[in-house]
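Asker: Spelled out, the chains give:
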Amino acid sequence: TQLLEQSPQFLSIQEGENLTVYCNSSSVFSSLQWYRQEPGEGPVLLVTVVTGGEVKKLKRLTFQFGDARKDSSLHITAAQPGDTGLYLCADRMGAGNMLTFGGGTRLMVKP
Amino acid sequence: GAVVSQHPSRVICKSGTSVKIECRSLDFQATTMFWYRQFPKQSLMLMATSNEGSKATYEQGVEKDKFLINHASLTLSTLTVTSAHPEDSSFYICSARDGRGLYYEQYFGPGTRLTVT
Numbered sequence: 001t002q003l004l005e006q007s008p009q010f011l012s013i014q015e016g017e018n019l020t021v022y023c024n025s026s027s028v029f030s031s032l033q034w035y036r037q038e039p040g041e042g043p044v045l046l047v048t049v050v051t052g053g054e055v056k057k058l059k060r061l062t063f064q065f066g067d068a069r070k071d072s073s074l075h076i077t078a079a080q081p082g083d084t085g086l087y088l089c090a091d092r093m094g095a096g097n098m099l100t101f102g103g104g105t106r107l108m109v110k111p
Numbered sequence: 112g113a114v115v116s117q118h119p120s121r122v123i124c125k126s127g128t129s130v131k132i133e134c135r136s137l138d139f140q141a142t143t144m145f146w147y148r149q150f151p152k153q154s155l156m157l158m159a160t161s162n163e164g165s166k167a168t169y170e171q172g173v174e175k176d177k178f179l180i181n182h183a184s185l186t187l188s189t190l191t192v193t194s195a196h197p198e199d200s201s202f203y204i205c206s207a208r209d210g211r212g213l214y215y216e217q218y219f220g221p222g223t224r225l226t227v228t
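Residue numbers (the numbering used here), protein chains in the order written: chain A, 1 to 111; chain B, 112 to 228.
One or more of the hints may lead you astray.
What the hints assert, rightly or not - Listed below are the simulated DSBU-like cross-link pairs for lysine-lysine, each with C-alpha atoms no more than 30 Å apart in a straight line: (1) B:Lys-175 x B:Lys-152; (2) B:Lys-152 x A:Lys-57; (3) A:Lys-56 x B:Lys-152; (4) A:Lys-70 x B:Lys-152; (5) A:Lys-59 x B:Lys-152; (6) B:Lys-175 x B:Lys-131; (7) A:Lys-110 x B:Lys-152; (8) B:Lys-177 x B:Lys-166; (9) B:Lys-177 x B:Lys-131; (10) A:Lys-110 x A:Lys-57; (11) A:Lys-59 x A:Lys-70; (12) B:Lys-166 x B:Lys-125; (13) A:Lys-56 x A:Lys-70; (14) B:Lys-166 x B:Lys-131; (15) A:Lys-56 x A:Lys-110.
By construction, these hints were calculated from the structure, which means they are not laboratory data.
Between the sequences and the hints, there should be enough to build the whole structure, so can you do that?
Answerer: Here it is in structure tokens:
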């Protein structure tokens with residue numbers, strides 16, 4: 001059974017600061033997806049990464065995929081209160097392409 | 112594109128009654144939908160996989176007679192919580208897999224907050 005570990009579990013920072021959160025897998029990812037979930041809402045897909053060493057940018061968010069495809073990081077530059085939420089990494093698994101989620105990193109950006 | 116809706120967004124019901132939650136893919140057809148449950152400050156836990164025209168596949172520990180899933184069309188799946196109890200109170204989220212996507216991305220509904228009194 002694949003296990004996804006995210007760190008840190010909680011992060012509280014001031015507006016304007018930079019931060020990095022991590023996702024590590026016990027096995028090689030099929031395709032890693034990052035989601036952000038705001039309170040009372042469903043998760044929103046941010047990015048899908050597939051190739052080892054891949055780097056993708058989404059405005060102030062930078063996603064890196066490890067060369068061995070077992071780890072990933074999400075870096076946010078100049079965080080804003082609107083970045084507050086639960087950040088989840090997930091991998092597809094099985095013939096049904098189900099998603100298995102990490103435990104999430106809960107980010108709070110204070111104005 | 113890739114919008115998924117859920118209805119209702121919030122529901123309060125009495126213990127012993129049944130509640131139906133609808134999940135719709137609005138701009139794409141979804142042969143597969145998924146139902147998740149999320150407790151406060153926790154991640155999502157997959158309950159079942161719903162396949163259009165066939166029986167749902169339930170994860171271990173999820174009672175199929177309590178959580179009835181019907182995927183009657185390519186755009187609609189329903190979850191019925193039968194004989195609800197207070198411990199069934201939770202945030203229920205559906206997702207739909209977009210087969211058009213290269214990596215079969217899942218798109219999530221906004222969730223349904225169920226409170227059983």
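Asker: Which hint numbers doesn't this structure obey?
Answerer: The structure conflicts with no hint, since it agrees with every one listed earlier.
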